[in-house]
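There are 2 protein chains.
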Amino acid sequence: MSSAPASVRANGRTYAWPKQPVAVLCIDGCEPEYINQAIASGRAPFLAALRERGVCLTADCVIPSFTNPNNLSIVTGVPPAVHGICGNYFWDRDAGAEVMMNDPKYLRSGTLLAALAQQGAKVAVVTAKDKLRALLGHELRGICFSAEKADEATHAMNGIDNVPALVGMAVPSVYSAGLSEFVFASGVKLMERERPDIIYLSTTDYVQHKAAPGTAVANDFYAMMDGYLGQLDALGALIVLTADHGMNAKTDAFGRPNIVYLQDALDRALGAGATRVILPITDPYVVHHGALGSFATVYVADANRVAAVATVIAALPGVELTLTRTDACARFELPPDRVGDLVVVSERLTVLGTSRERHDLSGLDAPLRSHGGVSEQRVPLIANRRPGSLPVGRRWRNFDAFDLALNYLQ
Amino acid sequence: MSSAPASVRANGRTYAWPKQPVAVLCIDGCEPEYINQAIASGRAPFLAALRERGVCLTADCVIPSFTNPNNLSIVTGVPPAVHGICGNYFWDRDAGAEVMMNDPKYLRSGTLLAALAQQGAKVAVVTAKDKLRALLGHELRGICFSAEKADEATHAMNGIDNVPALVGMAVPSVYSAGLSEFVFASGVKLMERERPDIIYLSTTDYVQHKAAPGTAVANDFYAMMDGYLGQLDALGALIVLTADHGMNAKTDAFGRPNIVYLQDALDRALGAGATRVILPITDPYVVHHGALGSFATVYVADANRVAAVATVIAALPGVELTLTRTDACARFELPPDRVGDLVVVSERLTVLGTSRERHDLSGLDAPLRSHGGVSEQRVPLIANRRPGSLPVGRRWRNFDAFDLALNYLQ
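Those protein sequences? They're chains A and B, same order as listed.
The numbering of the first sequence is my numbering, which starts it at 1 and goes up by one.
The numbering of the second sequence is my numbering, which starts it at 411 and goes up by one.
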């Protein structure tokens, strides 16, 4: 490491060069209460021990509190206004089409991971679902694969092959706790065999969408995670763990989803075609949440009717915020050209839908839990090192994870 | 019942006369998710059956989301602006003293319970803690006692005696799940023996302050409750169940409380004596929450500095709302003369304290869970009858419980 640079810059921020293996983990949907309850139940002894020798901050994630915007913020260190990824979908007015944003061509800034690799760091990235792999691995020279397609990984494409043999697990179903376990297990095996300078692990919230904090299924997941964290720690890694977003029940007391069908309400009030509701949570994997989250953006056909549309939306029970594009982009640091005329956020126990007939809820085999709103903004930011000091009164973001690791903890 | 009136009025609202025994239950701290999880776990078969033959609405409670303001709203049918009880404490500027509001002399309107009894209905009230008994029983001719002091109940004072013998339980500790069970058991025995026209049962949130929804302790509580509800149902009672407020974790991922010590922050910024922070959650029973909730009111010595104080508070991490008295009283329907110059609400995972040394957290034997904020406003409103129809788009309040029971369900 004698020739290693002292620091690396990415998107206007400076990071000290890793002096030890650094593992940053993004635990999908990790409401702080999951960890609290797992510790309280005695199932997470490693995390419990960090109360004495680590640090736990509570950070704000990016709104919309969805997976892609937040994972991209964590690996770029900047909000969606800079990196461009503000959801899974946006509406391309010129093309007249809903466009998926999981292609790296929509990424407007490089990642810290690529910058580190560019300057000689050994970097590895493991995601649960393949949808994130291409974005996180953008221009990255290193290892980058998804658990979902681990058996298809090749040296040419992913910097590694024979992953299932390395990990000692078959590729799990994309709808399983096992998919995240595969990510953790891969991290440990890579840390043992490859000893990367930086490893970024990103799981899936399949369990969190189904199981509330403190329930047996949730505690099982966090007990499993705790074991792998302990192994990474024992291998000498500096660990920083955060989340892309929190998770809340979105139901009434009988477990039935509280849904505001925005498109239906707007069509009734203003006529079909007057507005187009886009749910940026929509992606190819919607079985466990029915594409229902607490954030929507609305395109209004007639620019003169934006205020009228906002008035209709704001009066709907369950709606917490109705913001103009300008206000929403200022408040949530979003790219204006990928946001509709209005941004709508629902309150904690409510989700936003488009039209009733466009949501297939038949796959929901447990009461709906979801995210997307301000109510899911608070996430843990945990490390296995204790900093000498931290800035007083700083608003920590989940996308300060690498800043915390590299600039404060080593 | 041939001589019974057709209806009864209280505080400007009209209620149909009870045609069958009506039981209204206020389950303290009953976040909707408690019931959802108990049903999902299979421990609440009676509530589960109500999905088919009952109704479940989600209602808004009164802010501050504390016990006394909400219980009084439920039994009066009006917000604190009308009945006057907006917390456990207020600051009497003239007297220069913090004043407890649990004396009926602070009540500014009569209760529906008293009005019903006045016109000949047989009314019974059972509360968990004695602090509520005097307020709920104000000018009430009927049965009214607390589980806490059930063994002291006399015919002269409480309209009943020998309560422990009737219930078949010893008086439980004020800090126990048993205190609420005593309330339920009393309700069933009174329904059997006294056959009241109206019974109001109000529990304590001891369990909810300690146990998250879906955990074993919480499910045990709701299984117990479910059994008593089934007995009330079998006795022919029309049941409406609601809550005084919800409940949320107020900790970081390691279970440590997120506390904004408001008085300390204001003293640092503006000097001691410039402000007085009042926490209306404070009462004689603070062991399980350390007098920490998500609502505070602030009195400012110099009227010209109110805006400056608001600016200091609004900048504190964890503060969600900082409102002037006027705005807070308009938004939350509070009595201006019992509210400070500013009202402060903290976000979901954060509580507000006064000065660090004024809070004894030694009694917290579980990670802090509490209430008081807008984040605890959504509560269940459940009944064991199915209405013919309900108004579309109505914002239901928990203090519509009697309206729902008497005007829609019989």
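Certain hints may be false.
Unchecked claim - According to the in silico footprint, chain B covers these stretches of chain A (three or more CB under 8 Å from chain B):
1. 134–147
2. 211–222
3. 250–259
4. 363–377
Since the hints were made in silico from the structure, they are not lab data.
All values derive from a computational prediction rather than experimental measurement.
Positions of the beta carbon are idealized from the N, C-alpha and C atoms, including for glycine.
Quick rundown of the hints versus the structure:
no., hint, verdict
1, 134–147, "violated (count 0)"
2, 211–222, "holds (count 4)"
3, 250–259, "holds (count 7)"
4, 363–377, "holds (count 3)"
Violated hint: 1 only; the structure is consistent with all others.
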